[in-house]
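Q: For the record, the sequence lines run as chains A and B.
Last residue of the first sequence? That's 171 in full-length UniProt numbering, and every number before it is there in order.
Last residue of the second sequence? That's 171 in full-length UniProt numbering, and every number before it is there in order.
Treat the hints as calculated values from the structure; they're not laboratory data.
Beta carbons are placed, not taken as given, at the ideal position from N, Cα and C, and that holds for glycine.
Do not rely on the hints blindly, as some may be mistaken.
Listed next, the in silico EDC-like pairs over lysine to aspartate or glutamate satisfying Cα-Cα at most 20 Å (straight line) [as the list claims (entries may be wrong)]: (1) A:Lys150 to A:Glu161; (2) A:Lys150 to A:Asp117; (3) A:Lys150 to B:Asp117; (4) A:Lys150 to A:Glu162; (5) A:Lys150 to B:Glu144; (6) B:Lys150 to B:Asp117; (7) B:Lys150 to B:Glu162; (8) B:Lys150 to A:Asp145; (9) B:Lys150 to B:Glu161; (10) B:Lys150 to A:Glu144.
Which stretches of chain A does chain B cover? Using the computed rule of at least three CB atoms under 8 Å from a CB of chain B, they are [said to hold, decoys possible]: (11) 110-119; (12) 137-146.
What follows is a set of in silico ranges between Cβ atoms, one per label pair, in the way DEER data are often shown [to be verified]: (13) A:Arg40 to B:Glu144: 45 to 53 Å; (14) A:Cys23 to B:Asp164: 35 to 43 Å; (15) A:Ala20 to B:Tyr168: 43 to 51 Å; (16) B:Pro28 to A:Ser1: 38 to 46 Å; (17) B:Pro28 to A:Arg69: 48 to 56 Å; (18) B:Arg21 to A:Pro58: 55 to 63 Å; (19) A:Pro3 to B:Arg158: 19 to 27 Å.
Number of protein chains: 2
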Amino acid sequence: SRPCCIEALLAEAAEPGTPARPCPCPLPSGDTALSRLVRRLLSARRSLDLCLFSFSCPQLARAVQLLHRRGVRVRVVTDAQYMGMHGSQIGRLRHAGIQVRHDQHSGYMHHKFAIVDRRMLITGSLNWTTQAIQSNRENVLVVEDAEYVKAFQDEFERIWEEYDPANYRFF
Amino acid sequence: SRPCCIEALLAEAAEPGTPARPCPCPLPSGDTALSRLVRRLLSARRSLDLCLFSFSCPQLARAVQLLHRRGVRVRVVTDAQYMGMHGSQIGRLRHAGIQVRHDQHSGYMHHKFAIVDRRMLITGSLNWTTQAIQSNRENVLVVEDAEYVKAFQDEFERIWEEYDPANYRFF
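Same shape as in the complex, but just chain A (with noise of 0.2 Å):
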């Protein structure tokens, strides 16, 4: 989607009653794909789990924050490889308390889903980049078939346990 400002989102989100002060940058702050999908995300209300190959965007890490503070339990499983890249907001979550896991493999750790309270799952092309929202053409299918968030849920859990710290041979 174009750039857009979600401040006023986020803001509804960190204070829920309170009217939020409009924002005063000159981006638009309409409906577009990027408010969607932090629409969906802070709709959480217990569990939050992330498996993300790549994740830059500041604005999907604040709503990301918001959520840990709230106390939702929030994981996220990254690729090692682009965790450390320029840009980077896994080094954010992780000062912020939250806690994230990555491969150790060669091989990219590549997929792109998120799971919503164990319920809702947001998958597709889309890495959580500010390239990747303005710029790409990507997709994101927001489903709330058991069937399908079961797979991903399992999936989830065995790379949660397989990338436990506790596992790691690079010691």
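Following the hints, position chain B against chain A.
A: Relative to the frame of chain A, chain B by itself:
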């Protein structure tokens, strides 16, 4: 999936009814993620629409060429920056007479989906490269729900028209 041999699958699709000679190569030829993907592609009878960021896997290119020779209408949309990369199969498909169109933007055409007979959607994180198939953690969803198939088919038709060479601006 692990490296595997799909010669028997391709031979059977090329000459249905003829018992395939066992391939003398040492690779396993059992049920793998790649063989399951190839089987679904080879089930095409009328059309195959491919919208792929990168396509360098020679085995998948052979399956696509086989369908083209069998009279299936194959259309390919791909990314301009990646189609000329070392190992890309796009030139080979064009030489075989398959219609290929590409974007002309700085952003990526980052989709990775296929639609078989306007009926079955195959989508996910998987680029059609040997590295992705053999070494990465990837997901591929196979969906026949009309609602999902239609959304992707509509996007395909939109992109197909938008990337019509008659619209190129760089001549």
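Q: Against each hint, give a clear statement of whether it holds in the structure.
A: Quick rundown of the hints versus the structure:
1. A:Lys150 to A:Glu161: Holds, because 16 Å separates the two Cα atoms, which is no more than 20 Å.
2. A:Lys150 to A:Asp117: At roughly 12 Å apart (the allowed maximum being 20 Å), Asp117 of chain A and Lys150 of chain A satisfy the hint.
3. A:Lys150 to B:Asp117: 28 Å, violated
4. A:Lys150 to A:Glu162: 18 Å, holds
5. A:Lys150 to B:Glu144: 18 Å, holds
6. B:Lys150 to B:Asp117: Roughly 12 Å separates the two Cα atoms, so the pair holds.
7. B:Lys150 to B:Glu162: With Cα atoms ~18 Å apart, Lys150 of chain B and Glu162 of chain B stay inside 20 Å; holds.
8. B:Lys150 to A:Asp145: 17 Å, holds
9. B:Lys150 to B:Glu161: Within the cut-off at roughly 16 Å; holds.
10. B:Lys150 to A:Glu144: Cα-Cα ~18 Å, so holds.
11. 110-119: Our answer is that it holds, as 4 residues pass the Cβ test (under 8 Å) against chain B, meeting three.
12. 137-146: holds (count 4)
13. A:Arg40 to B:Glu144: 45 to 53 Å: 24 Å, violated
14. A:Cys23 to B:Asp164: 35 to 43 Å: 39 Å, holds
15. A:Ala20 to B:Tyr168: 43 to 51 Å: 44 Å, holds
16. B:Pro28 to A:Ser1: 38 to 46 Å: 44 Å, holds
17. B:Pro28 to A:Arg69: 48 to 56 Å: 49 Å, holds
18. B:Arg21 to A:Pro58: 55 to 63 Å: Once the Cβ atoms are compared, 57 Å apart, the range 55 to 63 Å for Pro58 of chain A and Arg21 of chain B holds.
19. A:Pro3 to B:Arg158: 19 to 27 Å: 22 Å, holds
Of the hints listed earlier, those the structure fails to meet are numbers 3 and 13, in rising order.
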